[in-house]
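Got two chains here, separate frames each, mind docking them using the hints?
Respectively, the protein sequence lines represent chains A and B.
All residue numbers for the first sequence refer to the numbering used here, where the first residue is 1 and numbers rise by one.
All residue numbers for the second sequence refer to the numbering used here, where the first residue is 1001 and numbers rise by one.
The hints are simulated quantities; they were obtained by calculation from the structure and are not laboratory data.
You can take every hint at face value.
Output of the computed footprint for chain B on chain A, the stretches with three or more beta carbons under 8 angstroms from beta carbons of chain B:
1) 12–26
2) 57–67
3) 79–90
4) 156–165
5) 169–178
6) 186–196
7) 202–210
Even for Gly, the Cβ is constructed at its ideal location relative to N, Cα and C.
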Amino acid sequence: METLNDFKNSFQNGNRMDLNFKFFSHLTDDEAADFIEELLARLGTSLNDGRLERIAEHIVQGQTRAYSRPAKYNYEEGPFIRFRKNLSETKIALLTSTGHFLEGDDPAPLGVPNMSQQEAVNRIKEFLKEKPVLSTIPKNTPVTKLKVRHGGYDISGVQADQDTAFPLNTLSILEQQGHIGELAQFAYSFVGACSQEALKKEVQQEWVKLLKQQDVDAALLVPV
Amino acid sequence: MSVGHVARILEDNGIATVIIAVASFKDNLESMHLPRVLLTPFPVGRPIGFPNNKAQHIRVIKAALNRLNNVTDPKTVTTINEQYFSAPSSSK
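With the rest of the complex left out, here is chain B (with noise of 0.2 angstroms):
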């Protein structure tokens, strides 16, 4: 919640946002409106992925960031197709 109204904020004065958050704060992200989320299924507390898996790191936050100039409408949130054991082969 801290974060969607740090969102809110910042949108409010001009700085475009896109949150990363594990896919179990669903619920809480979509009421609060917010421009562009992307949830990732992952174990609470590890929102980009497994540790040190620096591949799955970068196609998370690339796919985040692609968010910024992609999303034409508010309160877009959406899961990308990932697992949180996934091999670290490509970043994509």
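With the rest of the complex left out, here is chain A (with noise of 0.2 angstroms):
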């Protein structure tokens, strides 16, 4: 038979793998039973009204209630500029941990050409232990030569829509009505789900200085 936890585990890697809920696996069993609960109610309100925030509402607070726990990177200071540049003269660069890349540019984690989503999701651990890999992307990539692959979260809605967490295109709008002085020639993107102490030890510096090389004045940072 079927526990609950079986049943909050089986979505992060079993038969209903649905990374949009894997959370549950971080909930106790009655957490998660109260979410299920509560979810229904909503979904029961919602028939009559038509109105689904409520839902999205109580996944975003069953996430936060899932991943609320000690945090593993503490730091007591950090650096920081006082920026005063006005936007409308600010170049800007975008660089997001969603697993993008370019057509004919795939990073071929753990040695992989053309991995699927689904390899992604069952080697996720594999993943943790790795390198990560910068992608570049110039801006000008129309968005049917632009690829996703990440295995640690659910990336429908970025196959929806880029935007949702690649706001590559969005930029480019606020470059073109002049809210910001320039979008950066290359976008940036790679696999988040990597081995931290490499992106600390190995990786940052030769990232720092592809900034560097663009002349960008600051970067807007989009993780998942």
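The following block contains the structure:
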């Protein structure tokens, strides 16, 4: 017989695999039961008024509860630039951990060319030990040439619209409107589920150099 | 966490940063003492907003970019007042 614990875990790596709800595995049995009870209650209400915001809010609350646990990295202080340039004069780069890359420039994670999304999900623990690879994406890339693969989150949102997490098009609009001075020629993306030690010790200075070469003033960063 | 580390190293090398992240990541991001973070009350995987709601995406990104020169103290984490299913009516 399937237990509640089996049920919770089945969304992360089991027969119900759905990364939208992988957070279930981080909830206690009582929390998971409360979440489902409240979800059904809200669905019942929404059947009468057609409003879905309460459903989204409930999912966000569940994810927040699941991911609110002692942080692994605690820093007492950090670097801070007092930025004084007007946005209309600022050159901005986009960098995300969404796992985007340009068609024909597959980073071939774990040495596997054209890895499927499903394989990335199945091998997520191996990704967490890997050195991250930064993909370079020209800002005028047509959406049809933009690819995404990341085993740590549900990519259906970015597949429906890349700008839900990789807002290159939105930044281009803001550049055209003059809201920002310039969007850097290249945007960057990597799979955030990677070795944090390799990220800190082996690649970050290379990444700084890439952005410096573009002479950017600021970077918009988007984790997933 | 990955993007938090990137923010720290970029800022340390003279490139100002602002992060847009879903509110569920608040605790982890706050603990990393990051320069500027805008949280969105959206589901994981959709930090900028609902697919194809361009007006919402513009509002979120403008709010984040405005933090670049509005924030005068580090470790400023704020949450934007948005609804995930908001109508695509205005980019403000």
